[in-house]
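With the sequences and hints as input, model every part of the structure.
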Amino acid sequence: MSVIAPNFKFSEFVKSILDNVFWMLLIFVLIGIPAVMISLFYIDLPVINGELLTPFLALTWLADPSRTLPILKSFMTTDLFRIAAFPGFGFAALLAAGTIFIERKMLAKLQLRVGPFYCGKVEGILQLMGDGLKLISKEIIIPAKADKPIFWAAPVIFVATAAAFVALIPVAPGWVVADVDVGLLAVFAIIGFFPIITILSAWSSNSKFPFIGGIRALHQMVSFEIPLILSLLGVVILTGTLNLSEIVASQSNFPWIIFLPIGAIIFFITILAELERIPFDLPEAESEIVAGWLTEFSGMIYGLVQLGTYLKLYAFAGLFVVLFLGGWTGPMIWPPFPEEIITNGIVMGPITMKIPGLPVFSQEMLNGVMWFVIKTVGVIFFILLPRGVFPRIRIDMLLSLGWYKLIGLAFVNIFIALGLLYAGVLGPGGLL
Amino acid sequence: MSKELLPGLALQKVDERIMTLNVGPQHPGSGHMRIIVQIDGDFIVACDPDPGYVHRGEEKMAEYRNYITNIPHLERPVIHDSCNVLYPYVLGVEEILGIEVPERAKYVRVIASELNRCIYTMYWLAIYGIFLGHSTMFMWPAGDRELLIDLMEKMTGARVTHAHFVPGGVRNDLPANFEDVCLRQVNYFEKRIKEYAAVFYDNPILIARTKDTGVLSRQDAIRLGTTGSVLRASGVDYDLRKKEPYDVYDELDVHTNVMKEGDSYARSKVPWLDMMESCNIIRQALQKMPKSGSVRVKLKPNPKGKVFDTVYKRVESGRGSLGCYIVSDAKPEPYRVKLSVGSFRNLIALPYLLKGEKLGNMPSVYWSLNYWPVEADR
Numbered sequence: 001m002s003v004i005a006p007n008f009k010f011s012e013f014v015k016s017i018l019d020n021v022f023w024m025l026l027i028f029v030l031i032g033i034p035a036v037m038i039s040l041f042y043i044d045l046p047v048i049n050g051e052l053l054t055p056f057l058a059l060t061w062l063a064d065p066s067r068t069l070p071i072l073k074s075f076m077t078t079d080l081f082r083i084a085a086f087p088g089f090g091f092a093a094l095l096a097a098g099t100i101f102i103e104r105k106m107l108a109k110l111q112l113r114v115g116p117f118y119c120g121k122v123e124g125i126l127q128l129m130g131d132g133l134k135l136i137s138k139e140i141i142i143p144a145k146a147d148k149p150i151f152w153a154a155p156v157i158f159v160a161t162a163a164a165f166v167a168l169i170p171v172a173p174g175w176v177v178a179d180v181d182v183g184l185l186a187v188f189a190i191i192g193f194f195p196i197i198t199i200l201s202a203w204s205s206n207s208k209f210p211f212i213g214g215i216r217a218l219h220q221m222v223s224f225e226i227p228l229i230l231s232l233l234g235v236v237i238l239t240g241t242l243n244l245s246e247i248v249a250s251q252s253n254f255p256w257i258i259f260l261p262i263g264a265i266i267f268f269i270t271i272l273a274e275l276e277r278i279p280f281d282l283p284e285a286e287s288e289i290v291a292g293w294l295t296e297f298s299g300m301i302y303g304l305v306q307l308g309t310y311l312k313l314y315a316f317a318g319l320f321v322v323l324f325l326g327g328w329t330g331p332m333i334w335p336p337f338p339e340e341i342i343t344n345g346i347v348m349g350p351i352t353m354k355i356p357g358l359p360v361f362s363q364e365m366l367n368g369v370m371w372f373v374i375k376t377v378g379v380i381f382f383i384l385l386p387r388g389v390f391p392r393i394r395i396d397m398l399l400s401l402g403w404y405k406l407i408g409l410a411f412v413n414i415f416i417a418l419g420l421l422y423a424g425v426l427g428p429g430g431l432l
Numbered sequence: 001m002s003k004e005l006l007p008g009l010a011l012q013k014v015d016e017r018i019m020t021l022n023v024g025p026q027h028p029g030s031g032h033m034r035i036i037v038q039i040d041g042d043f044i045v046a047c048d049p050d051p052g053y054v055h056r057g058e059e060k061m062a063e064y065r066n067y068i069t070n071i072p073h074l075e076r077p078v079i080h081d082s083c084n085v086l087y088p089y090v091l092g093v094e095e096i097l098g099i100e101v102p103e104r105a106k107y108v109r110v111i112a113s114e115l116n117r118c119i120y121t122m123y124w125l126a127i128y129g130i131f132l133g134h135s136t137m138f139m140w141p142a143g144d145r146e147l148l149i150d151l152m153e154k155m156t157g158a159r160v161t162h163a164h165f166v167p168g169g170v171r172n173d174l175p176a177n178f179e180d181v182c183l184r185q186v187n188y189f190e191k192r193i194k195e196y197a198a199v200f201y202d203n204p205i206l207i208a209r210t211k212d213t214g215v216l217s218r219q220d221a222i223r224l225g226t227t228g229s230v231l232r233a234s235g236v237d238y239d240l241r242k243k244e245p246y247d248v249y250d251e252l253d254v255h256t257n258v259m260k261e262g263d264s265y266a267r268s269k270v271p272w273l274d275m276m277e278s279c280n281i282i283r284q285a286l287q288k289m290p291k292s293g294s295v296r297v298k299l300k301p302n303p304k305g306k307v308f309d310t311v312y313k314r315v316e317s318g319r320g321s322l323g324c325y326i327v328s329d330a331k332p333e334p335y336r337v338k339l340s341v342g343s344f345r346n347l348i349a350l351p352y353l354l355k356g357e358k359l360g361n362m363p364s365v366y367w368s369l370n371y372w373p374v375e376a377d378r
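Protein chains in written order, with the numbering used here: chain H, 1 to 432; chain R, 1 to 378.
Quick caveat, the hints were computed from the structure, so don't treat them as lab data.
None of the values given here were measured: they were computed from a predicted structure.
Think of the CB as a built atom: it goes at the ideal place given N, C-alpha and C, for glycine as much as any other residue.
Treat the hints with caution; some may be incorrect.
[Claimed, not checked] Calculated lysine to aspartate or glutamate pairs in the DMTMM-like style (CA-CA distance at most 20 Å, straight line):
1. Lys355(R) - Asp396(H)
2. Lys358(R) - Glu286(H)
3. Lys298(R) - Asp247(R)
4. Lys211(R) - Glu357(R)
5. Lys208(H) - Glu16(R)
6. Lys60(R) - Asp309(R)
7. Lys358(R) - Asp396(H)
8. Lys208(H) - Asp48(R)
9. Lys208(H) - Asp40(R)
10. Lys304(R) - Glu63(R)
11. Lys109(H) - Glu146(R)
12. Lys208(H) - Asp15(R)
13. Lys291(R) - Asp247(R)
14. Lys211(R) - Asp396(H)
15. Lys338(R) - Asp377(R)
16. Lys358(R) - Asp48(R)
17. Lys208(H) - Asp42(R)
18. Lys109(H) - Glu195(R)
[What the hints assert, rightly or not] Ranges of calculated distance between the beta carbons of each label pair, as one might list FRET restraints:
19. Ala158(R) - Ala160(H): 53 to 59 Å
20. Val114(H) - Gly57(R): 38 to 44 Å
21. Val215(R) - Ile136(H): 48 to 54 Å
22. Ala160(H) - Met61(R): 57 to 63 Å
23. Ile136(H) - Arg56(R): 36 to 42 Å
24. Ile136(H) - Met276(R): 48 to 54 Å
25. Met276(R) - Arg113(H): 22 to 28 Å
26. Ala144(H) - His32(R): 23 to 29 Å
27. Tyr64(R) - Ile150(H): 53 to 59 Å
28. Leu94(H) - Lys260(R): 54 to 60 Å
[Claimed, not checked] Covered stretches of chain R, going by a simulated chain H footprint (3 or more residues, C-beta under 8 Å):
29. 23-33
30. 202-214
What follows is the structure, given as structure tokens:
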């Protein structure tokens, strides 16, 4: 007998499935088939290659991979696929989910405990799904005197802004949702949105602890945006472009972290502060201000904010990889797709299946994505690591770090970049 | 409003700039109490600690139970430090009833109370870690505490509320082979707590955050009547194990850890150093303990005291001096039992320390006072 569901009976499980199948068939027979028949009576069926596309023929096409794969391939070049699935939201959400799992297990190992263990049988791999289900099923409580429209809108805008940030990150050559020429400027513009959303949600909840947390977040983000922008100027000076794809392409020989290590370090510290991660998690300091600006959020509103936070984490790690670690560039180690499958087909006993145009993604693209994911996961690991090692710092220490030390160092970084440019070592027309 | 309101409920006329925060009782950084904090921007203008949410009338309850049945409930104020909380009561009852305790029992008591001091301090340290946002420092002490809890379980049969000390000795003799197991666990424990320096006490962020915050000068520490680690962190060498040795502490070599700074960092470091000192004391006690003999004097059923015989005994608990004042009657029950606890004495310093501090320093200053809300309320 299962420990997790002690009242589970196999016969009842089968019975429930059979019940569902029965009702589905009944609804299909009573409503579905007449509806299809009536619509077929009125609609002219299309003629393709001289053949009438009957529903039967359409089903045959769907079962034939030599016809569906080109459709799939053409779908993969559409904007919808890019936004929803691969370089956009779905890919980022998948990486974010992996990040949450890795964070919890890694922190648990660091702290001599087990972490998620039961949910999903294998090392608690489904814990995130369980947590998500719990958050969805919870009631959303709104404070009585809250400004309701803004309180509802803030988490949604937060996720949307984080997703917009994700859209700017190039993952593989040509694989980016929005390939804008001023990509880095767009990044700065999007980062500038986050403090506004934070202060809006904090103020609209009409509660003291979120208000203090929001003010802290505002201070923190605004004062760390300046070193963030200044630390990236070195890269822009050396590459002469703001397009993120071109910045990656310029690092085909050496990543910029070799020449601009100070800029990379400043950028990494500002990432920690912008993401409100330990040691800079003052806006959510639980022992001082409960949960900071997240205090009044409950249920899926809180879940949305967490989703946005992890999307933001992925986007910042991706930006670090793109700007300093060379993005998708790396040695080609992805194995090439075997040509004989395309030419000769797959032989499975007596059946030979021929699938023309099988490789959906090119080898370069898969290799690039692999390197990008490896580098991004590495950066995420270093973003997560301080959580197990450092306590939280205080707001005055944070501000003095941002305004005095990081901005000064960022100027040093800019001078290094300018020196490299004027010495003719790097940059447009340089050696590399 | 004509009716007199409680201090936290009354609306005070304050400056527009000043915001009143109710930190607690439902707040992750308050414990079982409320701190009414008035802040001006990020600075604390005034602070009013409001304990009393877990008052259980332990002292009144003690007047309705006889000297033996008082034991299990008088240790409740600090269940993590239950041997030390019970210690002054048991010493006092022994004086009232005129019982001479066997030598071996005294050593067992010292070992148990030092183990309990470590267990309490580890719990306190875990919460200090999470108050500063250091989650590893929450998990490590909470896990390493298990070593000593297992030891106490072998010794007394219970994991937290031991009820081990009774007038006339201790309840049970040590189990077989206890000395070796205890020595091994304590040695490992000491090695383990020394590792905390790398991740916590030498951490540059922790030092920058807690150095020179909430400074309690030597004069103020004495004037406000603080005890225990708070007093020793302010440079006063005051430890009852040395000043007024009870049981066999005068035969053991006890060192006190004194720091001069008097800030949050020193106040958090002194208990950690005390834990190492406790390990030393346990090792000495294991060496000097008589290997055999009785651990308990048989008492008559319902022992009675004399009419209005008063006794005041105090011991050094995990939070400082812990006194117990017992007035006996010609009955099996005591006439009055009064606990004078270190937590409440240390809490008095909180409004003085927090005035003018930043809000971010509130958890570290508050918890560095080695304060246990349940003990202060009794």
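Quiz item: For this structure, which hints from the list above don't hold up?
Solution: none
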